Structures are given as structure tokens and as C-alpha cells.
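Spelled out, the chains give:
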Amino acid sequence: AVGGPAPAPQPRLHWSALDVEALVRALAREGVAEARVEAGADGCIVHLPRHDTLVHVERHATHVFCEGRADVRQALRRAIAACLPHI
Amino acid sequence: LCVKDNRLSFLDIDEICDEIGINRHVIRFTSTVRFDDPGSAAKTAEKLKTLLAEKLQGWSITISDGNISVESVLIKVEGDDDNTKSIYVSWTNQDEDLGSYILGLLQSMVQ
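Going line by line, the protein sequences match chains A and B.
For the first sequence, this note's numbering assigns the number 50 to the initial residue and increments by one for each residue that follows.
For the second sequence, this note's numbering assigns the number 94 to the initial residue and increments by one for each residue that follows.
Rather than coming from a laboratory, the hints here were simulated on the basis of the structure.
Computed from a predicted model, the values in this text were never measured in an experiment.
Built from N, CA and C at the ideal position, the CB exists for glycine as well.
Honestly, I wouldn't trust all of these hints.
Cβ pair distances, simulated, as ranges [to be verified]: (1) A:Ala-71 / B:Ile-106: 19 to 25 Å; (2) B:Asp-129 / A:Ala-66: 37 to 43 Å; (3) A:Ala-131 / B:Ile-109: 43 to 49 Å.
Some chain A residues well away from chain B (every beta-carbon gap over 12 Å; in silico) [claimed, not checked]: (4) Glu-70; (5) Arg-74; (6) Glu-79; (7) Ala-84; (8) Ala-88; (9) Gly-89; (10) Ala-90; (11) Cys-93; (12) Glu-107.
Quick look at which bits of chain A chain B covers, simulated, 3 or more residues with Cβ under 8 Å [unchecked claim]: (13) 61–69; (14) 94–102; (15) 111–123.
Please take these sequences and the hints and turn them into a complete structure.
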């Protein structure tokens, strides 16, 4: 028998750049509040200190560093998906 | 699957983006697990690979320079000998099921 999780459903393809202000609003709607945005050379970093999470946003990539809580990660996925065109 | 040059072709997701002229936005998640395992980081990585091979039968698991890969999931072990190791688990949004499964496995292993 094949172990592990079942194969994932059809992957979602996201494109374009992420609007950070829209992301902060979407995070607040998900109950992930107190976001602090810091501009950097190649994008910006969204700090979520209450959730021990950093979101590094670049033009064509977003990298989330979080401490492994599935509920926080799912909220972040929904918020990011709400701010990017996707199929 | 798409029609290209009047032929049906299989394209991966990056090729599709090139074909239709859009800039893909890649979303990646990284979480860290602390693991008390004396010995070198390479030795810990070998143990993790053995564990994953047992739990993920049928999946292709590779290890290179101490970094383990399963699809887009990357597992990297860092730490000095005889110290607690930091295990970084990273995956793209498309591999959320696999990435969260592996993270959960490693979290349960260290508890």
C-alpha cells in the first residue's frame, strides 16, 4: 500500500504581484491581526509577532516562515490566495 | 495537457506560465522543528530519510548534501555535533498536503 497523504488535488496556480496592504486587510479578516509591515530592498516583510510568523513578500514570490501551527498556516494561505489572481 | 504546435503536449506549471505569458507567484512555507539528537547533522538527516521512506512508501525521496527532498518539500538539518538540531521543513503551496504531513510527522517524533 502507498503510505502518506493522498495525492493533492489539482494545484492552484497563482500569478502577478501581491498587494501587501490587501494582504494585511485579508489577514485581519482571518483574525490574524497586529501585522507590522517593514519595507526592504527586494520587497517587504510582514511581521505577525502574536503568531511568531514572518511573511517575506517579493514581486514573484511569497515566503512564509511560521512556527508550524496548522490553523495559522491555513489562515495565511486563505489570505494570500484572496490577494492574488489564481486558477 | 495543452495543444502546442498542433500537438498535444504535457507541460509543467512553469512551462504553462511561459506559454501563456504570465509571471507565476510562488508561495512557500517554512517551519522549524527542534530535535535532540547527538551526532552530526548528516547522521540526523539520514535517520529522517529512513523514517520518511517508511512512512511515504511510493514517493521518491532523495538526499543530497544532507538536504532531503520529496516533491517540492525540502528538509534541512542544521546544528553542531552533540547539540540540538534545527530541522527546517519547507514546501510550496501546491504541496501543502505533503508538506503539512511531513511537518506533523517530525513534530510528533520530537514530542
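Here is how each hint holds up against the structure:
| no. | hint | verdict |
| --- | --- | --- |
| 1 | A:Ala-71 / B:Ile-106: 19 to 25 Å | holds, 24 Å |
| 2 | B:Asp-129 / A:Ala-66: 37 to 43 Å | holds, 42 Å |
| 3 | A:Ala-131 / B:Ile-109: 43 to 49 Å | violated, 23 Å |
| 4 | Glu-70 | holds, 16 Å |
| 5 | Arg-74 | holds, 18 Å |
| 6 | Glu-79 | holds, 15 Å |
| 7 | Ala-84 | holds, 17 Å |
| 8 | Ala-88 | holds, 19 Å |
| 9 | Gly-89 | holds, 17 Å |
| 10 | Ala-90 | holds, 19 Å |
| 11 | Cys-93 | holds, 15 Å |
| 12 | Glu-107 | violated, 9 Å |
| 13 | 61–69 | holds (count 7) |
| 14 | 94–102 | violated (count 0) |
| 15 | 111–123 | holds (count 9) |
Consistency with the previously given hints fails for numbers 3, 12, 14, ordered from lowest to highest.
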